[in-house]
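Undergrad: Could you use the hints to bring the two separately framed chains together as a complex?
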Amino acid sequence: DGGITQSPKYLFRKEGQNVTLSCEQNLNHDAMYWYRQDPGQGLRLIYYSQIVNDFQKGDIAEGYSVSREKKESFPLTVTSAQKNPTAFYLCASSIRGSGNQPQHFGDGTRLSIL
Amino acid sequence: AQKITQTQPGMFVQEKEAVTLDCTYDTSDPSYGLFWYKQPSSGEMIFLIYQGSYDQQNATEGRYSLNFQKARKSANLVISASQLGDSAMYFCAMRGLTGGGNKLTFGTGTQLKVEL
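Chains A and B are the protein sequences, given in the same order.
With the numbering used here applied, the first sequence covers 1 to 114.
With the numbering used here applied, the second sequence covers 115 to 230.
Bound-form chain B, shown alone (with noise of 0.2 Å):
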């Protein structure tokens, strides 16, 4: 079984500033992946970045950045020079890389508010 838990439910960052977003995972699983999804108000799911868990680099994409310690199963998001379309909500999810099926694992979220 795998489990993600993002343990803020809430988080303001002033416009500019980085912000961290946390999450941590339990899995079984020898292989992998952890993905970073955006929600923004309207509701779709906007895929931001990947980290696999055999990977050597941490990922980043643009201004996001993922903070992979694989010793304590975490996989924090860092969002740089945060900008006011910033504000949604961050789902940390998980797929294991062995077995059937593509089926990720969601956590509850992280509702971000970027202010001025």
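Next up, chain A with everything else stripped away, as it sits in the complex (with noise of 0.2 Å):
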């Protein structure tokens, strides 16, 4: 079956650490996001790729670093620069320049602070 696969589940970060979190797609799709949710709150955009070895800053993107050197997979780097980083992380991809067309989402990574 064709989706959006995130790992680990659950991660947790030393201060002064960087994580990276996965995300890898067998949809096909050329564009991919990273947003951040946090308790009660909406989905905030934090980087998106539209295409490969290119990428943009979403609203939040400071303390973190993605690459896209492969149309399937698109890992955020959480570094040491962000303070604030326990939240819930969600991946999503979707078919570039069809604005119709869904986001389809990943399960999602829950970060903690150790």
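No lab work stands behind these hints: they were computed from the structure.
Misleading hints may appear alongside valid ones.
Only pairs whose alpha carbons sit at most 30 Å apart, straight line, appear in this in silico DSS-like list of lysine-lysine [what the hints assert, rightly or not]:
1) A/Lys-57 / B/Lys-117
2) B/Lys-187 / A/Lys-57
3) A/Lys-83 / B/Lys-117
4) A/Lys-9 / B/Lys-217
5) A/Lys-83 / A/Lys-57
6) B/Lys-187 / B/Lys-130
7) B/Lys-130 / A/Lys-57
8) A/Lys-83 / B/Lys-217
9) A/Lys-9 / B/Lys-227
10) A/Lys-57 / A/Lys-9
11) B/Lys-217 / A/Lys-71
12) A/Lys-14 / A/Lys-83
13) B/Lys-217 / B/Lys-117
14) B/Lys-217 / A/Lys-70
Computed from a predicted model, the values in this text were never measured in an experiment.
TA: Dropping the structure here:
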């Protein structure tokens, strides 16, 4: 079945540590996205990529970095510069340029500080 | 800039009754799309329904329908014949269809609880 796989489901970070969240899709979508969700809040866009080897900052990119070396993969690194990383992180993908096509989401990664 | 407002933090509905979840939006984009997603307690986001700004008809998808009032900038979700499995968080989102990117702007969500 086609879909988006995020791993790990739960992740713990120590102070000063960088951690990387994995996102893989087999939907053949060009565009991929990372969102952050805080308790009781909507989703906020961290980074997005419309094509391999290209990505843009979203609304809350500070303290995060991404890469897009393969169409299927869009890993997110939460750096030590992100002072409040505890949140639920969702990865999504979509057909590029099709405004009426929905974004498809993975099951998310819950990140906590030790 | 785009903004989505969901003013109902929580809603209760009796099983088998209909419920309306409110969504208003603001955008300067002449062409845009509106989406509703369901988020169960497990966390995944499930796409429910889409409405384009130039669509003549209100969107329907099974028990879901969208009451789109363009002049009022509202896109309310109507769930008919509520089921216990409908208990979840519901998010309204929009995407501008001109300019670059397929970015979605989300509202803060409405927590729906379906009761027996």
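Undergrad: Now tell me if each hint is right for this structure.
TA: To see whether the hints hold, each was checked on the structure:
1. A/Lys-57 / B/Lys-117: Cα-Cα ~18 Å, so holds.
2. B/Lys-187 / A/Lys-57: 28 Å, holds
3. A/Lys-83 / B/Lys-117: 26 Å, holds
4. A/Lys-9 / B/Lys-217: 24 Å, holds
5. A/Lys-83 / A/Lys-57: OK: A/Lys-83 and A/Lys-57 at ~18 Å, within 30 Å.
6. B/Lys-187 / B/Lys-130: 29 Å, holds
7. B/Lys-130 / A/Lys-57: 44 Å, violated
8. A/Lys-83 / B/Lys-217: OK: A/Lys-83 and B/Lys-217 at ~25 Å, within 30 Å.
9. A/Lys-9 / B/Lys-227: 26 Å, holds
10. A/Lys-57 / A/Lys-9: Holds: A/Lys-57 and A/Lys-9 sit about 24 Å apart, inside 30 Å.
11. B/Lys-217 / A/Lys-71: Roughly 18 Å between the alpha carbons, so the hint for B/Lys-217 and A/Lys-71 holds.
12. A/Lys-14 / A/Lys-83: Within the cut-off at roughly 11 Å; holds.
13. B/Lys-217 / B/Lys-117: 12 Å, holds
14. B/Lys-217 / A/Lys-70: Distance of about 20 Å is within 30 Å: holds.
The structure is inconsistent with hint 7 alone, although it conforms to all the rest.
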